[in-house]
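Enquirer: Here is how the chains run, residue by residue.
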Amino acid sequence: MDTSHDDVISLEHVWVSYNESIILKDISLQVKNKDFLGIIGPNGGGKTTLIKTMIGLIKPHNGRVKILGQDPNRSRKHIGYVAQKNYHESNFPISVFEVVRMGLCGKKGFLKRYSSKDDELVLQTLKVVGMTKHSDKEIGHLSGGEQQRIFIARALINNPKILLLDEPDVGIDANMQSEFYSLLKKLNKNMTIILVSHDLSAISKHVKKVACINQEIYYHDSKEIKREDIEKAYGCPIDLIAHGVPHRVLEEHE
Amino acid sequence: MIEILQYEFMQNAFAAGILASVICGVIGVYVVLKRLVFISGGIAHFSFCGIGFGYYSGINPTLSTIVFSLLAASAIGGAKHKAKLQEDTTIGILWATGMALGIIFIGLSSEYAIDLFSYLFGNILAVSHQDLIIMAILSGIIIIIVALFYKEFLALSFDEEYSTVMGLPVQALYILLLCLIALTIVVLIKIVGVILVIALLTIPATTSRLFSHSVKKMMIISILFGAIYTSLGLTISYYLGFASGATIVLVSGSIFFIILVLRNIFHIK
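So the sequence lines, in the order shown, correspond to chains A and B.
At position 118 of the first sequence the residue is numbered 118 (my numbering), and the sequence of numbers has no breaks.
At position 172 of the second sequence the residue is numbered 172 (my numbering), and the sequence of numbers has no breaks.
Simulated from the structure, these hints should not be mistaken for lab results.
Any given hint might turn out to be false.
[To be verified] Simulated restraints on C-beta separations: (1) Lys107(A) - Tyr239(B): 53 to 59 Å; (2) Gln84(A) - Phe9(B): 53 to 59 Å; (3) Lys216(B) - Gln70(A): 33 to 39 Å; (4) Leu123(A) - His267(B): 33 to 39 Å; (5) Ile103(B) - Ser135(A): 50 to 56 Å; (6) Ser143(A) - Glu87(B): 47 to 53 Å; (7) Leu123(A) - Ser254(B): 42 to 48 Å; (8) Lys82(B) - Lys34(A): 35 to 41 Å; (9) Ala15(B) - Lys137(A): 36 to 42 Å; (10) Gln84(A) - Ala96(B): 52 to 58 Å; (11) His267(B) - Lys59(A): 48 to 54 Å; (12) Asp221(A) - Ile143(B): 54 to 60 Å.
[What the hints assert, rightly or not] Under the rule of at most 30 Å between Cα atoms (straight-line distance), these lysine-lysine pairs were calculated in the DSBU-like manner: (13) Lys82(B) - Lys107(A); (14) Lys216(B) - Lys127(A); (15) Lys205(A) - Lys66(A); (16) Lys133(A) - Lys80(B); (17) Lys216(B) - Lys117(A); (18) Lys137(A) - Lys34(A); (19) Lys32(A) - Lys232(A); (20) Lys108(A) - Lys25(A); (21) Lys112(A) - Lys232(A); (22) Lys127(A) - Lys117(A); (23) Lys117(A) - Lys186(A); (24) Lys82(B) - Lys137(A); (25) Lys59(A) - Lys151(B); (26) Lys186(A) - Lys25(A); (27) Lys59(A) - Lys80(B); (28) Lys32(A) - Lys216(B); (29) Lys133(A) - Lys217(B); (30) Lys161(A) - Lys117(A).
For clarity, every value in this text was computed on a predicted model and none was experimentally measured.
Think of the CB as a built atom: it goes at the ideal place given N, C-alpha and C, for glycine as much as any other residue.
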C-alpha cells in the first residue's frame with residue numbers, strides 16, 4: 001500500500017481484537033486532505049472501533065496508524081472528535097458555554113485559567129454552529145440535535161485539521177439533518193471529515209467518498225461501493241435507494 | 001445554643017462539623033457527579049484496616065488511616081484500565097478484606113480498643129484540639145488541589161473519554177481525585193465513622209444539585225447544606241442524648257427528603 005504525501009490518515013494492515021474476537025481485520029485505508037469520507041456498515045461491524053483506533057483510543061495489536069504522518073497520540077491535537085453517544089450525564093450541571101470551553105482544556109496547560117480571549121473564541125465557535133443563543137443553557141436542557149452541535153463546537157474550537165464524527169445524526173430529525181449536513185459541507189472546505197453513519201441514504205447524499213466496513217473494509221477511494229461489497233458486509237442483499245441524487249452509491253445493477 | 005458552646009468539646013465539635021462541611025461540599029460534588037459513591041464506600045471501609053493497624057503498631061490511627069486510604073484510592077484508580085476484573089468487583093473485595101484486616105489487627109493489639117465504636121460510627125464530641133489541626137491541614141490540602149485542577153476535574157467528571165482525546169493525563173487525574181476523596185474520608189471518619197461516611201459525601205451535594213446549575217454553585221450550596229446538617233444534628237444529639245454521627249446523618253436524610261417532597265408538591269423545577 002503506497003502512502004502519499006497528502007494522506008492525512010493512513011492505516012496499514014490494522015488488526016484490532018477484543019477478548020480474542022477479531023473486530024477489525026487487516027484494514028488498510030488512506031484518507032486524503034479535505035476528503036469527506038462516510039463510513040457505513042452493520043451494527044457491530046467495527047465502525048466505532050475504527051474511529052477510536054484512528055484517534056488512538058484503541059491500540060491495534062497489529063499494523064500501523066498514522067495521522068498527519070505521526071502516531072495518533074502525538075497528532076491528536078489536530079483531530080476534532082465527536083463521540084457516538086453523549087455518554088455525558090444529562091443531569092450534569094454545566095452550561096453550553098462551559099462544555100465548548102472545555103475543548104481548550106488540553107492545550108491550556110495546568111494551573112492556567114481560561115482567559116477572556118478563550119471566552120471570545122467560545123462565542124465565535126458557538127456562532128459557527130449556530131448555537132450562540134443557547135450559550136448559558138444547561139447542556140441537559142437541549143435537544144439531541146442541539147447537543148450534537150455543541151459537541152461539534154467543542155471539537156472545532158481547537159481548529160482541527162481532521163473532524164471525526166461517530167453517528168452524529170442519531171436523534172436528529174429530517175429537518176435538522178439537512179441543516180446539519182450543510183454545516184458539515186461548509187466545514188469540509190477547511191478540514192478533512194470522516195463520518196460514521198448507519199443512515200446510507202444520508203451518507204450517499206452528502207459525502208464525497210464511502211467506505212463500508214464489517215470486520216474487513218470495502219473501499220475504492222471513491223463514492224462507488226460495489227453491490228457485492230455491501231452484501232458481503234451486511235451479510236444480506238440490501239436495497240439502497242439514494243433519493244433524487246445525481247450520483248449513486250451502488251453501481252448499476254445488471 | 002449559646003449554652004452548649006461554653007464547653008470546649010462542643011466548640012471543637014462545631015468547628016469539626018464546619019470543616020467537614022467545607023470539604024464534603026467540594027469533594028461530595030465530584031462523588032455525586034462522577035458517580036463515585038460505591039468507590040468512596042470501598043475506600044472508607046478499606047481504611048478501617050488503617051485504624052486497626054494504628055492500634056496494633058501504636059502509631060496514631062489517623063496517620064495510619066491516611067496511608068491506608070491513600071493506598072486504596074491509588075489501587076482502585078490504578079486498576080481501572082488495567083485489571084481484567086470489573087471495577088465494582090475489585091471495590092467489593094477491597095471493601096470486605098479491609099474491614100477483615102482491621103478486625104484482625106485490633107484482635108492482635110494488646111490494648112483494648114476502647115474507642116473502636118467511635119471509628120465505626122463517629123464521635124464528633126471526642127474531637128481534640130490536635131485532631132482539629134490535622135483536619136484543618138487536610139482540608140487545606142484538598143481545597144488547594146481542587147482550586148488548582150478545577151478545569152481538569154470538570155473535564156474529567158463531565159467527559160472522561162474526551163479528556164483522554166484532549167491529551168489530559170486522565171488516569172493520574174482520576175487517581176488524584178480518588179486520593180482527595182480518601183483524605184476527605186479520613187476527616188469524616190472522626191465525625192460520622194467508617195460506616196456512615198457515605199451520607200456526608202452524598203446528601204449535601206445531592207441536595208444542592210436541586211438548587212444549582214453549575215458545579216461551582218453546587219459546591220458552595222453544598223457547603224451551606226453540610227454546615228446546616230452537621231450543626232443541627234449536633235445540637236439535637238446534645239439535647240436528646242443521641243449518638244452524634246447517627247443524628248447528623250438522620251437530620252441530613254430527613255431534610256433532603258422534606259425538600260424533595262416539597263418540590264414535588266409545588267412542582268418547582
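Enquirer: If a hint holds in the structure, say so; if it doesn't, say that too.
Expert: Status of each hint after checking the structure:
1. Lys107(A) - Tyr239(B): 53 to 59 Å: At roughly 57 Å between Cβ atoms, tyrosine 239(B) and lysine 107(A) fall inside 53 to 59 Å, so the hint holds.
2. Gln84(A) - Phe9(B): 53 to 59 Å: 57 Å, holds
3. Lys216(B) - Gln70(A): 33 to 39 Å: 37 Å, holds
4. Leu123(A) - His267(B): 33 to 39 Å: Holds: the Cβ-Cβ distance is about 34 Å, inside 33 to 39 Å.
5. Ile103(B) - Ser135(A): 50 to 56 Å: Distance hint for isoleucine 103(B), serine 135(A) holds at roughly 55 Å.
6. Ser143(A) - Glu87(B): 47 to 53 Å: Hint violated: Cβ distance 32 Å, outside 47 to 53 Å.
7. Leu123(A) - Ser254(B): 42 to 48 Å: With Cβ atoms ~44 Å apart, the hint holds.
8. Lys82(B) - Lys34(A): 35 to 41 Å: 39 Å, holds
9. Ala15(B) - Lys137(A): 36 to 42 Å: 40 Å, holds
10. Gln84(A) - Ala96(B): 52 to 58 Å: 37 Å, violated
11. His267(B) - Lys59(A): 48 to 54 Å: 51 Å, holds
12. Asp221(A) - Ile143(B): 54 to 60 Å: Holds, at about 56 Å.
13. Lys82(B) - Lys107(A): Holds, at about 27 Å.
14. Lys216(B) - Lys127(A): Cα-Cα ~26 Å, so holds.
15. Lys205(A) - Lys66(A): 29 Å, holds
16. Lys133(A) - Lys80(B): With Cα atoms ~39 Å apart, lysine 133(A) and lysine 80(B) exceed 30 Å; violated.
17. Lys216(B) - Lys117(A): Within the cut-off at roughly 21 Å; holds.
18. Lys137(A) - Lys34(A): Violated, because 33 Å separates the two Cα atoms, which is more than 30 Å.
19. Lys32(A) - Lys232(A): This hinted pair holds, its Cα atoms lying about 26 Å apart.
20. Lys108(A) - Lys25(A): 38 Å, violated
21. Lys112(A) - Lys232(A): Violated, because 52 Å separates the two Cα atoms, which is more than 30 Å.
22. Lys127(A) - Lys117(A): 15 Å, holds
23. Lys117(A) - Lys186(A): The hint holds at about 25 Å.
24. Lys82(B) - Lys137(A): 37 Å, violated
25. Lys59(A) - Lys151(B): 28 Å, holds
26. Lys186(A) - Lys25(A): With a Cα-Cα distance of about 34 Å, the restraint between lysine 186(A) and lysine 25(A) is violated, given a limit of 30 Å.
27. Lys59(A) - Lys80(B): Satisfied, since the Cα-Cα distance of roughly 17 Å is no more than 30 Å.
28. Lys32(A) - Lys216(B): 44 Å, violated
29. Lys133(A) - Lys217(B): At roughly 22 Å apart (the allowed maximum being 30 Å), lysine 217(B) and lysine 133(A) satisfy the hint.
30. Lys161(A) - Lys117(A): 21 Å, holds
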